[in-house]
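For reference, the chains in residue letters:
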Amino acid sequence: MKVHVNMDICLLHGQCVIAAPEIFSFDDSGDLHWVEVIDDSQVADAEAASDACPEQAIILG
Amino acid sequence: MAGPRITVVGASLAGLRTAEALKAALPQAQLTLIGDEPHAPYNRPPLSKDVMESFAGGDADETEAFGKLLLRSKLTPEDVSIRLGVAATGFENAGVRLADGSLVRSDWVIAATGIRPRRLPLPGNEDIRHVLRRFDDARALAPMLQPGKRLAVIGAGFIGCEIAATARKLGLHVTIVEPGPQPMMRALGPRVAAAMAALHRRHGVTLLTGRMVEAFQPGRVILDNGKEIEADVIVEALGSLPNTEWLAGSGADLSDGVLVDDTMRAIGAPNLLAVGDIARFANPLFDDVPRRVEHWCIPGFTAKRAAQTIAALEAGDTPEPGFSPLPSFWSDQYGMRVQAFGAPALAETQTVVEGDLSQIGEAPVIVEYARDGALTGVIGLGAPPALIAKHRARLMAALTPKETA
Ligand SMILES: Cc1cc2nc3c(=O)[nH]c(=O)nc-3n(C[C@H](O)[C@H](O)[C@H](O)COP(=O)(O)OP(=O)(O)OC[C@H]3O[C@@H](n4cnc5c(N)ncnc54)[C@H](O)[C@@H]3O)c2cc1C
Ligand code: SF4
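Sequences listed follow chains A and B, in order. FYI, UniProt numbering numbers position 40 of the first sequence as 40, with every residue one higher than the one before it. FYI, UniProt numbering numbers position 383 of the second sequence as 383, with every residue one higher than the one before it.
If we strip away everything but chain A, and leave its shape as in the complex, we get (with noise of 0.2 Å):
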């Protein structure tokens, strides 16, 4: 499966990295990092965090 954060509308609130740590992370610098291809044990993490975030910004496909 294929992550994606539209960075147009992500409002940084996190929650993904708090659903998700091991696919969503701040650097150092706070931006938003991702796994961009994950396998099938962390589809569910990665549904959890789409569903977790405030402004719909993840995109899962």
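In short, the hints are calculated from the structure, not lab data. All residues carry an ideal CB built from backbone N, CA and C; glycine is no exception.
To spell it out: a stretch of chain A is covered by chain B in this simulated footprint if at least three of its residues, at any positions, have a beta carbon under 8 Å from a beta carbon of chain B; those stretches are: (1) 13 to 21; (2) 44 to 56.
Some chain A residues flagged as far from chain B (calculated, every beta-carbon gap over 12 Å): (3) V37; (4) I38; (5) D39; (6) D40; (7) S41.
Since the structure of chain A is provided, determine the placement of chain B with the ligands on it from the hints.
Okay, now just chain B with the ligands, sitting in the frame of chain A:
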């Protein structure tokens, strides 16, 4: 074999997330989602923030703006039968009665009907008085927010304060009237609330605390000290009332929302569950007092829990005990994010652990909240997410579910 008939009432965040969780947990369930608004489920927080701003500025196409609010869902029309624009009016043994007289037969009913704004029981100025809960409210209010107009906001909770901040940005003159001593006092505690008051004043808001509205006169709000505020538009943001009237006679405790146990089942009505803003439940992370929690994160947590409960009971199992989600909320005012985790409202003491409250809005501030010497919450004010995440982790480590008798 046909699965159970499950009716979810309230087609917003909590109702939609519950239908999704039920579909995942019980694929054979026959799901119906009922909502009184004509719109498909949408996201409310932007209504007082960017959506209000772009609507008022006239630079938003309404259909496009609503499209951005729509909650994305994987549910298909085959998964759930959705009935919009019709209210539930009664809860009966056989199912849910609707405003058009029809009965939706149900084995399980989930109440996800949320809350509505409380209104001042005073006559006058009806043509310029607004509330903000629904998309249609935002659509009615936005065109009134024109530069140079005078806005009176009654109630300095989060929604009132966000509208005030948005209106200042749009160039209105803004007065807030708040009966309590500080804005957002219950949620933030006195010190942070005082700092937020300073932030609003610094941005040009006239903030009148400790004052009640006594009457309305044409184009004017009369306060209890006789002071008169001239207003072109008035927003009532005085808190909320749970939408539970349709549950009268169900046996559930409706004294403030729907009282549920730790499986989201209503106490006194075994086939009824409640989720989202109307669910009143105890959170053992803090104590055993049931409370309603009006935060965006709660629908997600309670929806999953309710679906687990029904799936377990349908399988003849007992739902796993224990439900202790970590609450969080945010608010955006003057470009500053207030981000909270835990239950700051329950704390007796507040300690600034990073930054300085006099610098609010200019430099990050982190405040810890404690009761009986134990952390209950943490709030970041304009703090970078990574810094807040660190403090959230500290809070998580400090909070462990309390044993309840
Ligand atoms: C302007 C605004 C800004 C917000 N900002 C934030 C924020 O920044 N951060 C945050 O954490 N939270 C925020 N919230 C709170 C958050 O939006 C709510 O917690 C969330 O919407 C609760 O979802 P819910 O589904 O439980 O209730 P609701 O979203 O209220 O949905 C209930 C639905 O049920 C419908 N309904 C009611 N009665 C009936 C009936 N009898 N029959 C059928 N349908 C019925 C209602 O019309 C509504 O569509 C904000 C809310 C508002 C209004
Ligand atoms: S939760 Fe959503 S808005 Fe927040 S950082 Fe993650 S992607 Fe961005």
